[in-house]
Amino acid sequence: MGIGKLAFLECIRKPIKNIVLYIILSAIFTGILIGLRVYISAQHSKENALNSIGAFIQLSENYENRVESFQITSNMIESIVELPHVTGINQNIAEYAIPVNFKNVKAYSGERPDPNDKSYEEFYDITPDNIILDANLDNKSLDVFRLNQARLISGIIPDDRNPGLLIEKHLAEENHLTVGDPLILTSSKKIEISAEIIGIYETDAIFEITKNNTLGEGIFSMSPYNRVYSSLDIGIALYARSPANLCLKIIVDSPQNVDRVGKAIKMFDWDWKQYGLYNMTETYYQDHAQHIEELGNYSKMLLFYIFAIGAIFLSVILTVFSRYYDYDSGILLALGSKKRTIIFQYFLSTLYIVATAAITSIILAFTAASSLIEFILNSSNTVSFGIAQFENALMPDYSVYLSSLGIIGIGVFVVIIFVFLIFSCISPVYHVIRFNPREILSEKRR
Amino acid sequence: MLELKNITYSYTKNKDVLKNLSLQFQPGKFYTIFGSSGSGKTTCLSLLGGLDEPKSGKILLNSKEIKEIGYNNLRRKEICFVFQDFHLFTHMTAIENVMTAIKISDRKISKVEMKKRALDSLLSLGLDEKDLNRRVTKLSGGQQQRVAIARALATKSTYILADEPTGNLDLKNTENILNIFRELVEQHNKCVIAVTHSIKVRDASDICYEIEDGILTGET
Numbered sequence: 349m350g351i352g353k354l355a356f357l358e359c360i361r362k363p364i365k366n367i368v369l370y371i372i373l374s375a376i377f378t379g380i381l382i383g384l385r386v387y388i389s390a391q392h393s394k395e396n397a398l399n400s401i402g403a404f405i406q407l408s409e410n411y412e413n414r415v416e417s418f419q420i421t422s423n424m425i426e427s428i429v430e431l432p433h434v435t436g437i438n439q440n441i442a443e444y445a446i447p448v449n450f451k452n453v454k455a456y457s458g459e460r461p462d463p464n465d466k467s468y469e470e471f472y473d474i475t476p477d478n479i480i481l482d483a484n485l486d487n488k489s490l491d492v493f494r495l496n497q498a499r500l501i502s503g504i505i506p507d508d509r510n511p512g513l514l515i516e517k518h519l520a521e522e523n524h525l526t527v528g529d530p531l532i533l534t535s536s537k538k539i540e541i542s543a544e545i546i547g548i549y550e551t552d553a554i555f556e557i558t559k560n561n562t563l564g565e566g567i568f569s570m571s572p573y574n575r576v577y578s579s580l581d582i583g584i585a586l587y588a589r590s591p592a593n594l595c596l597k598i599i600v601d602s603p604q605n606v607d608r609v610g611k612a613i614k615m616f617d618w619d620w621k622q623y624g625l626y627n628m629t630e631t632y633y634q635d636h637a638q639h640i641e642e643l644g645n646y647s648k649m650l651l652f653y654i655f656a657i658g659a660i661f662l663s664v665i666l667t668v669f670s671r672y673y674d675y676d677s678g679i680l681l682a683l684g685s686k687k688r689t690i691i692f693q694y695f696l697s698t699l700y701i702v703a704t705a706a707i708t709s710i711i712l713a714f715t716a717a718s719s720l721i722e723f724i725l726n727s728s729n730t731v732s733f734g735i736a737q738f739e740n741a742l743m744p745d746y747s748v749y750l751s752s753l754g755i756i757g758i759g760v761f762v763v764i765i766f767v768f769l770i771f772s773c774i775s776p777v778y779h780v781i782r783f784n785p786r787e788i789l790s791e792k793r794r
Numbered sequence: 643m644l645e646l647k648n649i650t651y652s653y654t655k656n657k658d659v660l661k662n663l664s665l666q667f668q669p670g671k672f673y674t675i676f677g678s679s680g681s682g683k684t685t686c687l688s689l690l691g692g693l694d695e696p697k698s699g700k701i702l703l704n705s706k707e708i709k710e711i712g713y714n715n716l717r718r719k720e721i722c723f724v725f726q727d728f729h730l731f732t733h734m735t736a737i738e739n740v741m742t743a744i745k746i747s748d749r750k751i752s753k754v755e756m757k758k759r760a761l762d763s764l765l766s767l768g769l770d771e772k773d774l775n776r777r778v779t780k781l782s783g784g785q786q787q788r789v790a791i792a793r794a795l796a797t798k799s800t801y802i803l804a805d806e807p808t809g810n811l812d813l814k815n816t817e818n819i820l821n822i823f824r825e826l827v828e829q830h831n832k833c834v835i836a837v838t839h840s841i842k843v844r845d846a847s848d849i850c851y852e853i854e855d856g857i858l859t860g861e862t
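Line order of the protein sequences matches chains W and A. Each residue of the first sequence is one higher than the one before, starting from 349 at the first, in my numbering. Each residue of the second sequence is one higher than the one before, starting from 643 at the first, in my numbering.
Mixed in with the good hints there might be a few duds.
Simulated crosslink set (BS3-like; lysine-lysine; CA at most 25 Å straight-line) [unchecked claim]:
id, chain 1, residue 1, chain 2, residue 2
1, W, Lys686, A, Lys750
2, A, Lys757, W, Lys362
3, W, Lys353, A, Lys798
4, W, Lys365, A, Lys697
5, A, Lys697, A, Lys709
6, A, Lys798, W, Lys687
7, W, Lys611, W, Lys362
8, A, Lys697, A, Lys661
9, A, Lys647, A, Lys671
These are computed hints drawn from the structure, not numbers from a lab.
Start from the sequences and build out the full structure, keeping to the hints where you can.
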């Protein structure tokens, strides 16, 4: 009877102690696996959301300390673009514009807007026939193009070197427009401009009007099909704005470097009472992806409680069953076993139970418990972003995805198993070490 | 020969449990250490088995101090215990108990040889074959004590230290166990040292050391 066999007999022939130990360990490991998987899913989802949001900082007026003289100079822009990790800049004007020589698109799905509902009139410059002119210094850096939610199908994307307009395919088709045609627009400031179409794009966007629509037919102005992108100069001309008063969007190479770039900009000797520097990646994440953060916190809390409660339960069980170790240790010592051999035997028997519990937990966590994980994730995805008047597909991805554990997760799980293995061995080892062989003959043992 | 030489032992500073005690035990003889409760007889057994160390004096096995031999080695190779409460592994069968002891005493033994030796020992002590693969908790007190003796026999230890070996047995089983002890001594040249306060056991032994307050008061 080798040590391995003795340890095996110890496991299978002492059912009460070992089944209780097995059940507790299985429950702990299953909980830990679920917690770990949810935590890793939350981390991956956060990473995905941050990448989807993009990495950018906004330099604008200081919102806490409004100063009318706010101005962004070309020197400031030059200083910023030379910083490491800065990959680009953008300035943007997006406002309603009125088509003159074309009509907007009124295609939709979902709830039909009530033609008698004139509630849009309460809002300045919203009409059923408007479009939105989205003028940018760098249109390519916009989320829809960066995330490939919109793609150029004809011509080029406008920028400061290629002034002009970029319109959506539906708008082009309904008005029989093509690259090279002029569009005439007027703004609420009664300024009229004519600009050339230099590109046409198609989009994954849908335009589904919900029953929460409070704008009547004015909602059509918000259709993704009615969004016209342009070079910044057209926006400046149409809305009579100065580029010096526009916010500056500073594009960074990765979300991890946003803070670093922000700190570098803050080092510039500018009047920071006038300027405000805002981590928009973080702001958007906080505004839209709080459910991911909550999921991460929830999984950490779950892991903490499983650790704490599991350790307490395990300690109680091991204490309750500690007499087993005294009795058997005494016999083994009387037969001539060394203490370290006995300790190794108990280590092996505990290892068998821990390993069996670990395998059980893997099966449970990946089969029966997978529905529980899905439930947790689905619950977290139902966080409302407010009442939407319409849906379109052009949003950064804030979803939570179920991830596999990955190498790091598996490594952490193995370490946790090892910690519990050592913890489970403490009681038997303690009893063997402190056991006085003479006790085998003592009256107390009888 | 196993020998206690001028042994003094105390649990507390002021009171000696054994006082300058000298005893000798030779193979081929059945010894009893007889005395009332608290006389120091169990302490003697504990010292002989290397479960404890004396305050002064020497314990010798074939003229070599058992401390030098190593207490674990001593218990593995030379001596074996038989307890009043049997002290068998309750989660094991009779044969598994004996095989465990054999494996501890001889780490290199083959599985076949180990099983053969265990079977021989158990059957030689009158246990039925059907009982060998039963959990020891299913066996009677007499059968359990035979398993405990078979464990001692199978390890080929010369010295069998028995602590009140018949204390939990009825008259019939007591006689059986005493007969087995006699057989071990006469046919296997073992040395049985039984600590007892039973007159019946004392009378069955070849030599009886009577101890009172840690002092040898008689030898018969």
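Quick rundown of the hints versus the structure:
This hinted pair checks out: lysine 686 of chain W and lysine 750 of chain A have alpha carbons roughly 16 Å apart, not beyond 25 Å. This hinted pair checks out: lysine 757 of chain A and lysine 362 of chain W have alpha carbons roughly 23 Å apart, not beyond 25 Å. A hinted pair counts as satisfied when its Cα atoms are at most 25 Å apart, and lysine 353 of chain W with lysine 798 of chain A qualifies at roughly 23 Å. About 40 Å separates the Cα atoms of lysine 365 of chain W and lysine 697 of chain A, which puts this hinted pair outside 25 Å; it is violated.
Between lysine 697 of chain A and lysine 709 of chain A the CA atoms are separated by roughly 13 Å; this keeps the pair inside 25 Å, and the hint holds. Simply put, lysine 798 of chain A and lysine 687 of chain W have alpha-carbon atoms about 22 Å apart, close enough for the 25 Å limit, and the pair holds. In summary, the hint linking lysine 611 of chain W to lysine 362 of chain W is not supported, as the alpha carbons are separated by about 63 Å, beyond the 25 Å threshold. Straight-line distance between C-alpha atoms of lysine 697 of chain A and lysine 661 of chain A comes to about 10 Å, which keeps the hinted pair within the 25 Å bound.
Between lysine 647 of chain A and lysine 671 of chain A the alpha-carbon distance is near 19 Å, which keeps this suggested pair within the 25 Å criterion.
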